[in-house]
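K.L.:
Required output: the full structure, derived from the provided sequences and hints.
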Amino acid sequence: MKKIFNITIVGMIVLLMAIQSCKKMDIYPKDKVTTGSVANSSDGILNVTNGNYAMFKDVVEFNGFKDDNNCYVRQYFQMSDFAADNIVNGQRTEDPLYYSFTYTHSPSQANARYFWYISYKIINGANTVIDILKGKKNLTPLERQLEGENYFLRAFCTFNLVRFYAKPYNEGDPSSNPGVILRQSASEEAAKARASVKETYAFVLSDLKSAASLMDQSRGKAFASKEAAWAMLSRVYLNEGDYNNTIAYSDSVINSGKFKLETSASFPTYFANALNRDETIWAIAFTPADNRGKFGSIASMLYSDGNSGWGEEFASKSLRDVMSAHLNDVRWDYIDTLHTANGAIAKKNGIEIFYITKFSFQDGDPNLSSPVMFRLAEMYLNRAEAYADKGNVSSALADVNKIRKNRGLQNTLYSSVPAGETVLDVVLNERRIELAFEGFRLWDLLRNHRNIVRDYWGYHIPGLTVSDIDLSHPPTGYPNLVIPWNSPKVQYYIPIDEILANPLCKQNP
Amino acid sequence: MKNVLLVILGFLLVSSGFAQITGKVYDENGKSIPGVTIVVKGKTNGTTTDLNGKYSLNAKKGDILVFSFVGYEKQEIPVKEKKVINVFLKPGVINMKEVVVMGYSNKTKTEISSAVSVVKSAQLKTVTTNDIGKMLQGKVTGVQVISSSGEPGAASQIRIRGVSTIKPGDQSPLYVVDGVIGGNYDPNDVASVTILKGAGATGLYGARANKGVIIITTKTAQQNKPSFEFKITTGMRVADQGHLKMMNGLQFYNTTKELYRDPTTHQIDIIKFYRDFPKELSTRNYNWVGDAFKPAMVQNYYLSANGKKGGFTYYLGGTYYNEGGTFINTGYKRLNLRMNTKYQFSKKVSLRNNINVSNNYGTSYDYMSMYYVYLNLPWDNPYDSTGAPRYVDGKTQGWWSRDHINPLHTLQNTEYNYTGFSFDYDLVFNWNITRWLTFNSANRLSYSTSKSHNFVSPLAAGTYHNKGYINERQDNWKGFITTNLLKFKFQIKKHSIDGLAGVEVNNGYSDFISVEGKGLPVGFDVPAVASSEKNINGTNSEVIFRSVISQVNYNYNKQYFLTASFRADATSNFPPEHRTAYFPSVAASWLITNMHFMKSHSKVNLLKLRLSYGITGDPDIGAGRYMGLFSLNAQYNNYSAAFPYQLQNYNLTWERTGETDIGIDFGMFNRINLTVDIYDNITKNLLVLASQPLSQGFQYRWENGGIVTNKGFEISLGGRIIDKKNFSWLLNINYSKNGNILSGLDKPIISTVGGISQIYRNGAQLYTFLLPKWLGVDTQTGAPLWEKITKDSNGNIIKREPTSNYAEAAPQEVGHALPDFYGGFSTTLRYKNIELYAGFTYQYGNDVYNFVEQFMNSDGHEPYYNYMVPKPGWTRWKKPGDKATMPSMQNNNLSTEPSSRYIEKGSFLKLNSVTISYRFSQKIVKSLRLNGLMLSIEANNVWTWTPYWGQNPEATIRKSDWSMPGVNDFRYPNNKQVVFNVQIKF
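Residue numbers (my numbering), protein chains in the order written: chain A, 768 to 1276; chain B, 418 to 1403.
Derived by calculation from the structure, the hints in this document are not laboratory data. Just so you know, not all the hints are guaranteed correct.
Unchecked claim - Heads up, simulated DSSO-like pairs for lysine-lysine below, C-alpha to C-alpha not over 27 Å straight-line:
#1 Lys1016/B / Lys507/B
#2 Lys1205/B / Lys1273/A
#3 Lys1249/B / Lys1164/B
#4 Lys460/B / Lys1141/B
#5 Lys1141/B / Lys1249/B
#6 Lys1061/A / Lys868/B
#7 Lys951/B / Lys833/A
#8 Lys725/B / Lys642/B
#9 Lys1061/A / Lys812/B
#10 Lys460/B / Lys500/B
#11 Lys1061/A / Lys833/A
#12 Lys951/B / Lys1114/A
#13 Lys1273/A / Lys1016/B
#14 Lys1114/A / Lys642/B
#15 Lys797/A / Lys895/B
#16 Lys1164/B / Lys448/B
#17 Lys507/B / Lys642/B
#18 Lys833/A / Lys584/B
#19 Lys1208/B / Lys1256/A
#20 Lys895/B / Lys799/A
#21 Lys797/A / Lys1016/B
#22 Lys868/B / Lys833/A
#23 Lys1273/A / Lys696/B
#24 Lys689/B / Lys1114/A
#25 Lys1114/A / Lys812/B
Stated by the list, open to error - Going by beta-carbon spacing under 10 Å, a handful of chain B positions derived as facing chain A:
#26 Ala539
#27 Pro585
#28 Ser589
#29 Asp820
#30 Ala1040
Think of the CB as a built atom: it goes at the ideal place given N, C-alpha and C, for glycine as much as any other residue.
P.N.:
See below:
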C-alpha cells in the first residue's frame, strides 16, 4: 500500500514538471517589433518612417556600443566641411574627424564607416516601408505621403553617399566611375556591386520624382515634403551639371510661396530656431532630449562656452579674408571670436580662436540645434550658379543680390562682375559665405574643378607643432596646403567592413 | 574444550609478555574509522578496525603498532604500559575518502573519473578580498585568473582551460552554489570550491558548461557542540603603479624642449623655447597621481555560529567587508548574512533551507577623471589658495594642460554610486523512498536588485556646468530554478551502481528602469529636482531553460569506474526548431592501487588512470537573437520611432564542445601527490556575429560557424617535504599550458576597439593582434618606421621594406593576448605554532597592448599631456645617425597611431601573498576559555616581476564591445595591501 502511495506522489511530481515544461518558450523583446509585424500593425510604417528620420540624429549602436561620435549629421558636416577650406583645425586629436583635415583616410576610419552604415540603415528602413506600400492598392493619403517620404530619404542618403565615396559626376566618365551600392529592397541579396556614378544619379533622380509626386501632405519642417524633394532635385541636377533642371526645380521651390528668406534682422537668430522659420525647407529636429552634449553634438567641436564643448575647430583665415571686406555682413554673427583677459584674440595651440555658432543656442543651449538640410537661400544660389554656368550673368547676379539684400549688404550689391573675377567666382564666394559650415563647400569646389587651398596655419599640416607657427606670414613649404580637386585622396574609402563582407564591392583607389 | 584452549593460550601470551591492546581509531574530525589496518611492525599479526572503529590485538611492550588506511598518513605507535591505545589518523595529502561536491551529486575522490580540482576554505584565505577569483589565482591547474582592475569590489576574470568562443560577452565559468545553478555567497562562508574541468565532470551541466563549472559549497555544522568563530581583518592598501611613473616638472620641461629642435640644424632653439615656456615652469612639481591616489583601509569582519541539536543542524555566518579605494572618493562595502539549516524529520525525510542575503554599496568614478590624473601637467596647480581643488574650464588663463579639466575638482563634484541587494532562498527536500531510491528536490528563488546613481553637480566644470546632470537606474532580477531528481543506489556483490534522473526548469526574469535629467539646483542630487531634458528608459526580458538530466555510475570492486551522463536542454534563446540540444558524456577510470597486485607496492598509495569524453554547450547570447527586429527605443520630434535593429536567422543554434580528457593521479608515501591531465576540447558551431555588408543596413547577424580547438596539459604537484612534529614544509606547484587555434571560419573576422584590431582567422590563435608592424626610428630622418609589404597578383609577399608612411604600413599579426602557460606555486613553512606562507602566480607568453602609452608618450603630438618616465633604454632621436627608439618630435607623423610599437610582453611572476601566522597553543587557548586563537599578518600583491612597462601586465581578457582582450587602458590600478588578522574560535 505504502509503495503505491510513494509511486503516486513521485508520479504526480513528474507530471507537474511535465506541465511546467509545456509553457510557451517564445519570448519576444518588449521594446522591439518583429520585422514581419511592421506591415501588419496600424502604426508600423509610420513608426519606421519616423525611425528613419531619427537615425539622422541618433547615436545608433555600432561595433556593439553607442559612441557619441557616431551620429549622421555630426559626421555629415565634419566629413564635408573639415575636408574643405572654411574650417581650420586647432588641435591634433584621436577623433577620426582629424583625417578629414589631413586627408589621411583609411578604410577602417570610424566616422566614414559609421556614416556608410547608418546611411544604409536608413535606406533599409525606407525600403521596408517602400516594399510594403509598393504592391498595395488604394493607398490612403498618409500612406502616399509616407511612401514619398521614404523615396525622398532613400534618395537623400544615396546622394550623400555618392558624393563622399565616389568621384564627382563631372570628373572623368560617370558611366564608368564606380558610384555606390543601390539598395532597392530590404530583401536583397547581401552581396551587391557598386553601380556607376551615372546610374546612382539616375536612381536618386527617379526616387526624388516619385517622392515629389507622392507627397501631398505637410507633416511640418521636421519631415520631408514635396518642396523638399524639388529642392533636392535642384541640388542633384546642379551637381550633375543639368542647369536647366536646376533652374526649373529652384523655381518650383521659390515660386511655391511656402518659404521666405530671413532678413538681415532675423538671420542672426535663424539657426537656433530653424524649425519654426520661413526659410527652412527641411531640418533634422533635435528636441532637448536629443542634446548630445560635449561628446556628441555638432557644436561641441566648433564652439565652447568654456565648458560646453571641445571647441577645437574654427572659422579659417581663408574664409575670414573673403568676408573681411564687409564687417557689416550679418553672417559674421555666426563667427564668435574668443578674447583673452587682455583683449587679444585667444589661441589654441597657436591657432586663433574663431568659434562657429551655426549649430548652437536652440533653447539657449550651446550644444543644441536642429541642423538645416534644405533652405530657401540655397535655391537662389543653386539657380545663380546654374545661370552663371549658362553665362546668364544678370540673372546670376540678381539671385546673389537677393541674398545679400537680406544679409546686411543691401548697400553693396553687385551691378556687374568685379574686375579680375568671373561671375562664377562671385556666385561661389557668395555660396561660400552664405552656406558656410553647412556641408556645401567641398562639393562646390570639386564640382567646379577648383583645388582645395588651405594655405593657412592649422593642424591639417602634418607634424606641425606650436613652435612652428608664425601668424605673421602664411605657412610655406608644407605638404597638404593644396589638395588638387581630382586627387583620389578626396574620396573616402569604402569601409573595410563592406569590402570584407561583400566581395562584389570594389574599393576606391 | 574451547575454553580450556583459550585459557592455555592466554597463559602462554601473558607469560611471554603479550597483552591484549584495544582501542579506537578516529579521523581528524573525531569520527571513528572502520577498516583501518593495524599490524605489529616486523611481525605478521594484525587486524582491522570494526564498524565502530574499534580494534583489539595482541602485542607486547616494545612492539610498534602501525596504523594505516587509504587516504591517511601511516602512524606508528610503540606499545608501552597502556593497554588502551586510541589513535587519531591525520589525512594524507590525498584523502580518497573525502567527499567531493559535484553539483547534482557527491562523490568520493575514489569514484571520480574526470578532471576535478578542490580548494578548501583554508587554502582560499591567503588573500584578503571579497572576490573568490582572486583567492583562486595561481592555485588550480586549468584556471586562469586575471585581476585587471583594482577598483574596490571589482571581480577578477576567470577562464577555465582557455577560451572556447569568439563571441563577445562574459566568458566566465558557470557558478553553482550549494548544488543549484547560480546563487550568491560570501567567501567567508565558503567551505570548499570544486572546479569541474573536463566534460566527464561538467557533462551534467551540459548545456551551460563549456566554460567550466565552479561549485561553491557553503559551510555546515561540524560537530554537535555550538561553536563560534570571529575573525577580524584590518589593514592598509596603496595603489600599485608598477613601472608607471609620470614625469615631474623638470623632466617634462626638458622633454618639451625637444619640440624646439630645429629640423635642419638639429639644435634646440633655446631662445624661442624660453620665450614660450618660462624657465620657472621647470620648478613646478604638482603631483597629480600622488594627489589622486591615497592609502586606503581594508576591513573584514566575520562572525559565525554552528552546531547540531537533535535533527536540527545550523550554520549562521555574517560578514562585513569594507574595501577603501586608493583612488580618492572610491570604495566598496558589503554586508552578507547566511543561514544554512537542515531539519531531519525522520530517517527518511529531511529539509534543508539556505538563505543568503547581501547588500553592497560602492562608489565609483568617471573614466575621464582617471585619464586626466595621469595626463595633466606637473606645471598646473590643482588647488586654489584655500587648498581646495580649483575650478578650471576652457576659459581659465594660465593653465597649461591640454583639456582645461581639473579631475580633482570633478571628483569632488560628482557621484558615481551603486547599491545592490540580493536574496536567495534554497529549499532542498530529500526523501529516501526506499533503501535504494531517493527523491531529491532542490529549489531556489533568487531576487536581486541594484541601483546606480550618477550625478554631476552644476558646480562641476564641463558639459554639465551650471546645469548638473543626474541619472539613476534600477535593475531587478528574479530567478527560479527547480531540480527534481530520483537517485538510486545498488550494490550487488562487487558491483556498485548508482545514478540519478530528473527534470530541471530554470526561469530568469530581468527588468530595468532608468531616468535622467538636467537642470539641477545646486546641492540637490535626486531625480525629482531635475528641471530639463528628462529622459526615461526601461524594458524587461526573460530566459527559460528546461532540462532533462540523467547519470549512471558503475564501479567494480572500487577498481574500475564508469560514469555516463545524458542531459537534454531547451532554451528560449533559440528558434523553436533548434531549441533543444543533447549532451552526452562518459568517463572511465582504473584505480590501480586497489588492484591486488599493487598491495605489495606500499610506497605508492595512489595510482589512477582516468579517461573521459563528453559534449557541453553554450547558449549565452541573450534573448531573441534569431528574430528580425525593429527597435522602438527611439523618438523623432517627440513621435514614436522604430529603426532596423536585427537581421533574422532562424537556423541559429547552440555552441557545442566535445571534450576529451586523459588524466593520471599518483601518490607516494602518503606525502606526495601528482596529477597530470591532457585534454583536447573542440568547440563547434561557434556563435558568431558574422559581418554583413554594411550596405544591407546591418553590421552583423548571429550565425553559427567556425571551430575553436583548445589543447592543454596540466600538472599539479604537492607534497609535505618535511613533516615533523615541530617543523613541516609543504610545497605546491602547478602548471597549465593551453593552446588554442581557430578553424572552419568562412572568412576572417576583424574586430576593432579604440583603433586596435584583432583578427579571428583559420589557423590563428584567439585574440591575435592585427596591427602595422613597428620597425623603430629611421636613423637618418628620425621618422617613425613601419613595415610595408608588397604582394604579387597571387597574394604572395614579394617585398618587405620600411616605410614612414603609416598608410602604407600593412596590418600584420603581431602577438596574442592569451598566455602560453600559467600557474602558481606556494610554500608553507611551520615551526611549532608559527606558520609562514608564500604564494606565487605566474603567466608566460601573452602580449599586452600598452594603450596608455599612446597618450603618455606622445612624441610631441600632444604637447600639453604629461609623459611617462621612459623605460631605461628608450631614447629620442635628435640628429642623423641616432639609433633611437622614439621618433623625432619634428618628424613624428602619425607615430602614435596603433602599431606593434605598443605591444609588450605580458609575462609576469607575482608574489601574490605572504602570511605569517601564529596559532596559540591549546594550553593558552583553554586558559582563555577559547577553542582557538590565531594571529596573522598578511601582505597581498607584494611584488610583480615583469618586463611590461606599465601598471600591471594583467590586461583584461574580456572581449566586449568596448574592451579588447590584452589591451591595457586607463584603468584602476591594482593595490598592494598589508592586513592584520585575529581569528578567535569559541
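K.L.:
Work down the list of hints and note, for each, if the structure agrees.
P.N.:
For each hint, the structure was consulted:
no.: 1; hint: Lys1016/B / Lys507/B; in the structure: holds (21 Å)
no.: 2; hint: Lys1205/B / Lys1273/A; in the structure: holds (22 Å)
no.: 3; hint: Lys1249/B / Lys1164/B; in the structure: violated (64 Å)
no.: 4; hint: Lys460/B / Lys1141/B; in the structure: holds (26 Å)
no.: 5; hint: Lys1141/B / Lys1249/B; in the structure: holds (10 Å)
no.: 6; hint: Lys1061/A / Lys868/B; in the structure: holds (26 Å)
no.: 7; hint: Lys951/B / Lys833/A; in the structure: holds (19 Å)
no.: 8; hint: Lys725/B / Lys642/B; in the structure: holds (7 Å)
no.: 9; hint: Lys1061/A / Lys812/B; in the structure: holds (16 Å)
no.: 10; hint: Lys460/B / Lys500/B; in the structure: holds (19 Å)
no.: 11; hint: Lys1061/A / Lys833/A; in the structure: holds (15 Å)
no.: 12; hint: Lys951/B / Lys1114/A; in the structure: violated (36 Å)
no.: 13; hint: Lys1273/A / Lys1016/B; in the structure: violated (75 Å)
no.: 14; hint: Lys1114/A / Lys642/B; in the structure: violated (79 Å)
no.: 15; hint: Lys797/A / Lys895/B; in the structure: holds (17 Å)
no.: 16; hint: Lys1164/B / Lys448/B; in the structure: violated (62 Å)
no.: 17; hint: Lys507/B / Lys642/B; in the structure: holds (22 Å)
no.: 18; hint: Lys833/A / Lys584/B; in the structure: holds (18 Å)
no.: 19; hint: Lys1208/B / Lys1256/A; in the structure: holds (22 Å)
no.: 20; hint: Lys895/B / Lys799/A; in the structure: holds (22 Å)
no.: 21; hint: Lys797/A / Lys1016/B; in the structure: violated (67 Å)
no.: 22; hint: Lys868/B / Lys833/A; in the structure: holds (22 Å)
no.: 23; hint: Lys1273/A / Lys696/B; in the structure: violated (56 Å)
no.: 24; hint: Lys689/B / Lys1114/A; in the structure: holds (18 Å)
no.: 25; hint: Lys1114/A / Lys812/B; in the structure: holds (11 Å)
no.: 26; hint: Ala539; in the structure: violated (40 Å)
no.: 27; hint: Pro585; in the structure: holds (6 Å)
no.: 28; hint: Ser589; in the structure: violated (19 Å)
no.: 29; hint: Asp820; in the structure: holds (8 Å)
no.: 30; hint: Ala1040; in the structure: holds (5 Å)
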